[in-house]
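A.B. asks: The residues making up each chain are set out below.
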Amino acid sequence: MATIREELQAAVKKLFDDDKIDYFVGYAEDYGHTFPAILTKDSDPSRLTFDRKSYDNLANFLPELRGSRVGLICKQCEVRTLNVLAAEEQVERDKLVVVGVPCPAMLDPRKLTEGAADLDSLDESYWQEKCRRCLERNTPLADVFVGERVSTPTPAEGWPLLEEVEKMSAEERLAWWRRQMSLCIRCYACRLACPLCYCHQCFVEDNKPQWIDKSVAPENNLHYHIIRAVHLAGRCIECQECSRVCPVGIPVDVLNNVLSRDFAERFGYVSGETAETQPALTRYERDDKEDFIL
Amino acid sequence: MARVGVFICWCGANIASTVDMEKVTEAAAKLPHVVYATNYKYMCSDPGQKTILDAALEHKLDGIVVAACSPRMHEPTFRAVAAEAGINPYRMQMANIREQCSWVHGDVDEATAKAVDAVRMMVARVAQSLALEPIKVPVTKRALVIGGGIAGIQAALDVADGGVETILVERTPSIGGKMAGLDETFPTLDCSQCILTPKMVDASRSELIKLYTYCEVEKVDGAVGNFKVTIRKKAKYVNTELCNGCGDCWHKCPYKKIPSEFDFGVGNRTAIYVPFPQAVPNIPVIDRETCVFFKTGKCRACEKFCLRGAIDFEQEDEFEEVEVGAIIVATGYDLLDHTQMGEFRYGAIPDVITGLQFERMSSASGPTEGKILRPSNGEEPKVVVFVHCVGSRDENYKEYCSKICCMYSAKHAVILKHRIHDAQAYLFYIDVRAGGKGYEEFWKRACVEEGAEYLRGRVSRVYDEGGKVIVEGQDTLSGEQVEVAADLVVLATAVVPAKGSEELARILGISTDKDGFFNEAHPKLRPVDTATGGIFLAGCCQAPKDIPESVAQGSAAASKTLGLLSKEDITREPTVAVVDPLICTGCWNCVNVCPFGAPEKSEITITVDGKKVTRAVSNINEAKCEGCGLCVATCPGNCIDQRGFSDDQVYAEIGGYLERVRAAKNSD
Amino acid sequence: MTKAEKQKEPEKAPQWKPNIVGFLCNWCSYAGADLAGTSRIPYPCDVRIIRVPCSGRVDPLMILRAFREGADGVLVSGCHPGDCHYIEGNYYARRKFIALKKLLDHVGIDPRRFRVSWVSASEGRKWANVVEAVTRELLEVGPFRYEEDGDD
Numbered sequence: 001m002a003t004i005r006e007e008l009q010a011a012v013k014k015l016f017d018d019d020k021i022d023y024f025v026g027y028a029e030d031y032g033h034t035f036p037a038i039l040t041k042d043s044d045p046s047r048l049t050f051d052r053k054s055y056d057n058l059a060n061f062l063p064e065l066r067g068s069r070v071g072l073i074c075k076q077c078e079v080r081t082l083n084v085l086a087a088e089e090q091v092e093r094d095k096l097v098v099v100g101v102p103c104p105a106m107l108d109p110r111k112l113t114e115g116a117a118d119l120d121s122l123d124e125s126y127w128q129e130k131c132r133r134c135l136e137r138n139t140p141l142a143d144v145f146v147g148e149r150v151s152t153p154t155p156a157e158g159w160p161l162l163e164e165v166e167k168m169s170a171e172e173r174l175a176w177w178r179r180q181m182s183l184c185i186r187c188y189a190c191r192l193a194c195p196l197c198y199c200h201q202c203f204v205e206d207n208k209p210q211w212i213d214k215s216v217a218p219e220n221n222l223h224y225h226i227i228r229a230v231h232l233a234g235r236c237i238e239c240q241e242c243s244r245v246c247p248v249g250i251p252v253d254v255l256n257n258v259l260s261r262d263f264a265e266r267f268g269y270v271s272g273e274t275a276e277t278q279p280a281l282t283r284y285e286r287d288d289k290e291d292f293i294l
Numbered sequence: 001m002a003r004v005g006v007f008i009c010w011c012g013a014n015i016a017s018t019v020d021m022e023k024v025t026e027a028a029a030k031l032p033h034v035v036y037a038t039n040y041k042y043m044c045s046d047p048g049q050k051t052i053l054d055a056a057l058e059h060k061l062d063g064i065v066v067a068a069c070s071p072r073m074h075e076p077t078f079r080a081v082a083a084e085a086g087i088n089p090y091r092m093q094m095a096n097i098r099e100q101c102s103w104v105h106g107d108v109d110e111a112t113a114k115a116v117d118a119v120r121m122m123v124a125r126v127a128q129s130l131a132l133e134p135i136k137v138p139v140t141k142r143a144l145v146i147g148g149g150i151a152g153i154q155a156a157l158d159v160a161d162g163g164v165e166t167i168l169v170e171r172t173p174s175i176g177g178k179m180a181g182l183d184e185t186f187p188t189l190d191c192s193q194c195i196l197t198p199k200m201v202d203a204s205r206s207e208l209i210k211l212y213t214y215c216e217v218e219k220v221d222g223a224v225g226n227f228k229v230t231i232r233k234k235a236k237y238v239n240t241e242l243c244n245g246c247g248d249c250w251h252k253c254p255y256k257k258i259p260s261e262f263d264f265g266v267g268n269r270t271a272i273y274v275p276f277p278q279a280v281p282n283i284p285v286i287d288r289e290t291c292v293f294f295k296t297g298k299c300r301a302c303e304k305f306c307l308r309g310a311i312d313f314e315q316e317d318e319f320e321e322v323e324v325g326a327i328i329v330a331t332g333y334d335l336l337d338h339t340q341m342g343e344f345r346y347g348a349i350p351d352v353i354t355g356l357q358f359e360r361m362s363s364a365s366g367p368t369e370g371k372i373l374r375p376s377n378g379e380e381p382k383v384v385v386f387v388h389c390v391g392s393r394d395e396n397y398k399e400y401c402s403k404i405c406c407m408y409s410a411k412h413a414v415i416l417k418h419r420i421h422d423a424q425a426y427l428f429y430i431d432v433r434a435g436g437k438g439y440e441e442f443w444k445r446a447c448v449e450e451g452a453e454y455l456r457g458r459v460s461r462v463y464d465e466g467g468k469v470i471v472e473g474q475d476t477l478s479g480e481q482v483e484v485a486a487d488l489v490v491l492a493t494a495v496v497p498a499k500g501s502e503e504l505a506r507i508l509g510i511s512t513d514k515d516g517f518f519n520e521a522h523p524k525l526r527p528v529d530t531a532t533g534g535i536f537l538a539g540c541c542q543a544p545k546d547i548p549e550s551v552a553q554g555s556a557a558a559s560k561t562l563g564l565l566s567k568e569d570i571t572r573e574p575t576v577a578v579v580d581p582l583i584c585t586g587c588w589n590c591v592n593v594c595p596f597g598a599p600e601k602s603e604i605t606i607t608v609d610g611k612k613v614t615r616a617v618s619n620i621n622e623a624k625c626e627g628c629g630l631c632v633a634t635c636p637g638n639c640i641d642q643r644g645f646s647d648d649q650v651y652a653e654i655g656g657y658l659e660r661v662r663a664a665k666n667s668d
Numbered sequence: 001m002t003k004a005e006k007q008k009e010p011e012k013a014p015q016w017k018p019n020i021v022g023f024l025c026n027w028c029s030y031a032g033a034d035l036a037g038t039s040r041i042p043y044p045c046d047v048r049i050i051r052v053p054c055s056g057r058v059d060p061l062m063i064l065r066a067f068r069e070g071a072d073g074v075l076v077s078g079c080h081p082g083d084c085h086y087i088e089g090n091y092y093a094r095r096k097f098i099a100l101k102k103l104l105d106h107v108g109i110d111p112r113r114f115r116v117s118w119v120s121a122s123e124g125r126k127w128a129n130v131v132e133a134v135t136r137e138l139l140e141v142g143p144f145r146y147e148e149d150g151d152d
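These protein sequence lines map, in sequence, to chains A, B and C. Per this note's numbering, the first sequence starts with residue 1, numbered consecutively. Per this note's numbering, the second sequence starts with residue 1, numbered consecutively. Per this note's numbering, the third sequence starts with residue 1, numbered consecutively.
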């Protein structure tokens with residue numbers, strides 16, 4: 001990906017030279033890893049890259065940089081995030097420069113073996129689940145576009161892991177989730193990686209009163225994850241970062257997907273579709289469908 | 001630790017017969033925070049209250065739990081007792097052991113256990129209850145009345161009589177409302193116009209009443225004591241300063257066949273018009289929809305003939321913002337559209353009319369100058385059928401009783417007899433509801449003296465045949481099918497909220513019932529208030545009413561308004577939401593969901609890591625907060641809490657109950 | 001719980017009573033429950049009522065807290081849609097409960113443990129019926145214990 005790398009670096013240099021931005025949020029490569037990097041005018045842009053391991057949702061850094069002029073690389077994931085953040089007035093679109101890229105689909109780090117061959121050639125079986133559902137690989141809303149546009153394959157239907165869990169009986173599901181939750185060490189990496197968990201203080205830190213016990217018991221952990229999913233209801237844009245960063249491998253995003261799928265079916269709702277899309281729990285229709293109220 | 005006293009009421013035998021008073025008292029005394037517990041036969045009685053006062057002093061109580069009836073019954077009583085005892089009223093809580101315990105559970109052990117739990121929960125709640133002070137807000141001494149019918153006029157007159165400036169907004173060109181169109185009124189048969197028009201004139205002459213006719217309320221901000229109301233002044237295309245109401249314009253208007261709204265289509269009006277000769281103000285308006293100039297750009301007849309140059313085709317709608325302390329809603333009613341009803345041939349028969357159309361015909365100042373005529377051929381009807389409950393008391397349309405129809409149908413029958421001596425009236429009814437002073441006597445008179453024929457039963461079908469309107473129905477008293485060949489059929493159609501009520505409810509932030517009538521705050525004890533502070537109801541917008549009731553409610557709303565506006569400050573319940581600005585992220589979820597616009601976007605400057613940072617944060621406008629707690633439960637960061645229904649209090653209640661359950665489970 | 005234990009369960013059932021936390025809005029459901037009282041309509045004794053201003057005040061955190069503290073079931077009751085004293089609180093509440101319900105169902109918590117009802121101030125009879133139904137269902141489901149239910 002030499003070309004995109006050069007184009008990107010040149011574009012970023014120009015943005016700084018033209019005094020369009022104060023910060024640039026992108027990916028840098030080091031020791032064979034790709035990780036997020038925040039550059040200023042004085043930073044060296046030569047480590048900037050964009051490849052199939054550019055996992056992090058860069059919109060996660062925006063609330064921190066609120067008030068500054070920021071350029072950032074946006075994949076489809078970031079674009080939807082930006083829309084949610086804009087609807088919640090956490091970012092000011094006119095202060096952002098969206099650098100569009102052709103997204104080659106991100107690889108699932110859990111499927112990569114040591115010293116894997118040419119990353120560019122890895123097929124769908126190595127992709128992250130979300131990338132199969134991608135609606136547009138070339139960044140919409142891009143102010144600057146680098147690299148060559150790619151075609152977007154027909155998005156895959158369904159939610160493989162969620163559907164697998166749903167095949168189980170209720171008791172089995174409870175047992176399955178209990179098992180998952182018994183692994184959780186409450187490191188809150190999921191919360192940290194989530195670009196839409198931007199509260200200054202999370203409900204789980206609230207101790208007046210302490211709704212959710214802090215001790216690492218499966219039911220406490222489950223409650224934390226359930227409420228987090230409620231707070232992300234109709235906001236989660238399914239970037240799956242929560243699951244990717246989980247050090248013990250809990251597929252946290254399955255809970256979010258339960259609601260993403262349900263809200264899409266029930267309310268015709270797609271989170272982050274536009275910057276005007278209000279979060280689903282802050283609106284209603286008089287005839288919202290439900291089937292459990294007496 | 002708090003020092004809580006628990007006072008358990010027997011309510012005579014109401015509670016004591018099902019709940020073991022001694023056991024509850026014993027259990028209460030052992031609870032954390034509780035320093036004193038006792039029971040008494042009637043805690044709300046004078047000696048009962050004294051028990052509380054004495055105990056508060058003796059045991060230095062700082063919190064009270066009264067286990068008795070529902071707080072919806074006696075919370076104000078015991079809050080006052082707490083205040084008298086020097087304890088903050090919001091640190092008094094009631095455990096409901098009557099309505100929700102002794103009255104619904106038969107087993108003494110079970111009911112006693114539930115009562116103990118209720119006390120545990122309330123003790124835990126009191127321990128977490130903060131002392132609260134009512135919120136004070138200064139008051140704008142001006143009132144707004146929406147709707148210039150009899151209820152609104154009466155309200156405006158009474159408020160002005162109390163020395164308070166009043167703005168009366170009416171959406172049609174004249175005040176007067178439905179009553180201005182009525183003929184004689186039941187049960188005294190005095191002429192509606194004769195009793196109403198002087199009031200209309202009073203309203204227009206009063207120095208304290210400002211009439212805003214042909215105007216609508218566009219927007220309402222603010223809250224009790226301080227509303228900001230935007231009024232849309234619809235373009236009249238007539239300069240009201242110059243116009244002297246001479247009438248040349250409407251006499252010259254070439255477009256004369258527009259069905260008059262005021263006459264319900266019985267008569268016609270011109271495109272520039274006053275709705276009726278006694279209109280207040282007597283200033284015409286041009287109806288843009290029907291004026292030929294606005295359609296084709298040609299005509300301007302009115303302009304040519306107006307000697308004072310008052311016609312102004314360039315006028316546009318204007319907006320004015322007014323500040324008021326209270327709002328009286330008196331938007332009245334409309335009739336259900338019978339042309340939607342199959343049994344009356346969807347309005348296809350010209351000789352089937354509504355009660356209000358009959359009124360316009362029989363009114364001496366109406367389009368027929370008081371002659372009752374068949375719309376189809378202009379002849380006098382000899383057989384007239386009056387149908388009660390058209391769309392009322394009918395689960396296919398409106399379940400409720402429209403209340404005024406029995407009486408006005410009887411009145412119509414009497415008027416018919418007076419005007420056409422050889423006419424015969426038939427009335428199809430379900431029951432005659434004549435609950436009012438002189439009402440029973442009046443319909444009896446219609447029946448006995450005026451020879452009106454009452455047929456008990458519903459009308460099943462109406463159709464026209466051979467120049468007559470055939471009315472088929474059942475006489476349930478004789479059990480026979482009845483058929484009347486009528487010249488005229490008058491429908492007592494259901495009273496429904498005035499068109500646009502739902503929109504107005506949204507603008508005002510008040511609720512409506514399932515039929516669209518505005519909801520009163522309490523069906524019995526607060527029939528004039530709405531649940532939104534400072535907004536009162538008068539007349540048919542709340543439920544169907546006759547004239548005396550509308551007038552009474554208008555006066556009642558006025559007295560409520562005067563009571564409110566007589567104060568320099570008003571106090572509001574302090575159970576409002578509070579934002580912790582240090583953790584608010586400014587996501588505006590609260591702003592988005594609040595039905596009252598209480599959370600406002602604001603800023604805070606704080607020091608983070610040694611740097612001054614300005615953050616956008618939410619701030620609750622206490623004057624607007626109604627205390628529903630929706631924002632509290634919506635805020636993802638738990639940045640908002642509600643005084644008096646705080647997270648701590650709810651948490652304590654949950655814990656207070658389930659602590660006992662957990663203990664029981666563990667000992668299993 | 002093992003199969004053998006499960007089979008033992010019905011023997012215990014007759015003495016066991018569910019512990020139910022009910023969050024009732026002040027204006028409709030709490031008043032409806034009061035009306036059941038003034039109308040002397042009997043119903044099972046197992047719901048403990050917490051009065052809240054509006055069903056919109058009920059945070060899913062409260063519901064989970066009740067389960068965490070040992071409730072076998074939670075019932076939230078508010079005004080009928082369109083009748084909310086605060087105009088629209090129950091509409092927002094409904095969406096929130098749809099989300100929570102979906103999640104609880106997904107993680108395998110019996111749907112009968114979390115119920116919502118609309119009971120107006122004039123529906124004393126309905127309140128009694130709701131409590132009756134919720135209690136009956138919970139008697140079928142049995143006590144709620146994360147530890148045993150999800151034992152692996």
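Hints were generated in silico from the structure; no laboratory data involved. From the three backbone atoms N, C-alpha and C, an ideal C-beta is built for every residue, glycine too. Be a bit skeptical, because a hint or two may be false.
To be verified - Far from chain A, by Cβ distances over 12 angstroms, these chain C residues were calculated: (1) Lys-17; (2) Ser-122; (3) Leu-139; (4) Pro-143.
To be verified - The calculated lysine-lysine pairs, modelled on DSS-like cross-linking and capped at a C-alpha distance of 25 angstroms, are: (5) A:Lys-289 x C:Lys-17; (6) C:Lys-102 x B:Lys-23; (7) B:Lys-567 x B:Lys-228; (8) A:Lys-95 x B:Lys-437; (9) A:Lys-95 x B:Lys-567; (10) B:Lys-514 x B:Lys-499; (11) A:Lys-95 x B:Lys-499; (12) A:Lys-41 x B:Lys-611; (13) B:Lys-601 x B:Lys-219; (14) B:Lys-665 x C:Lys-17; (15) B:Lys-382 x B:Lys-468; (16) C:Lys-102 x B:Lys-524; (17) B:Lys-514 x C:Lys-126; (18) B:Lys-219 x B:Lys-256; (19) A:Lys-214 x B:Lys-665; (20) A:Lys-41 x A:Lys-111; (21) C:Lys-102 x A:Lys-289; (22) B:Lys-233 x B:Lys-141; (23) B:Lys-514 x A:Lys-289; (24) A:Lys-41 x B:Lys-612; (25) B:Lys-219 x B:Lys-611.
A.B. asks: Confirm or reject each hint.
C.D. replies: Going through the hints against the structure:
| no. | hint | result |
| --- | --- | --- |
| 1 | Lys-17 | holds (20 angstroms) |
| 2 | Ser-122 | holds (16 angstroms) |
| 3 | Leu-139 | holds (17 angstroms) |
| 4 | Pro-143 | holds (14 angstroms) |
| 5 | A:Lys-289 x C:Lys-17 | violated (33 angstroms) |
| 6 | C:Lys-102 x B:Lys-23 | violated (42 angstroms) |
| 7 | B:Lys-567 x B:Lys-228 | holds (19 angstroms) |
| 8 | A:Lys-95 x B:Lys-437 | violated (73 angstroms) |
| 9 | A:Lys-95 x B:Lys-567 | violated (50 angstroms) |
| 10 | B:Lys-514 x B:Lys-499 | holds (15 angstroms) |
| 11 | A:Lys-95 x B:Lys-499 | violated (47 angstroms) |
| 12 | A:Lys-41 x B:Lys-611 | holds (22 angstroms) |
| 13 | B:Lys-601 x B:Lys-219 | holds (20 angstroms) |
| 14 | B:Lys-665 x C:Lys-17 | holds (12 angstroms) |
| 15 | B:Lys-382 x B:Lys-468 | holds (11 angstroms) |
| 16 | C:Lys-102 x B:Lys-524 | violated (40 angstroms) |
| 17 | B:Lys-514 x C:Lys-126 | holds (18 angstroms) |
| 18 | B:Lys-219 x B:Lys-256 | violated (35 angstroms) |
| 19 | A:Lys-214 x B:Lys-665 | holds (22 angstroms) |
| 20 | A:Lys-41 x A:Lys-111 | violated (37 angstroms) |
| 21 | C:Lys-102 x A:Lys-289 | holds (13 angstroms) |
| 22 | B:Lys-233 x B:Lys-141 | holds (23 angstroms) |
| 23 | B:Lys-514 x A:Lys-289 | holds (19 angstroms) |
| 24 | A:Lys-41 x B:Lys-612 | holds (23 angstroms) |
| 25 | B:Lys-219 x B:Lys-611 | violated (42 angstroms) |
In terms of the numbered hints stated before, the structure departs from hints 5, 6, 8, 9, 11, 16, 18, 20, 25, listed from lowest to highest.
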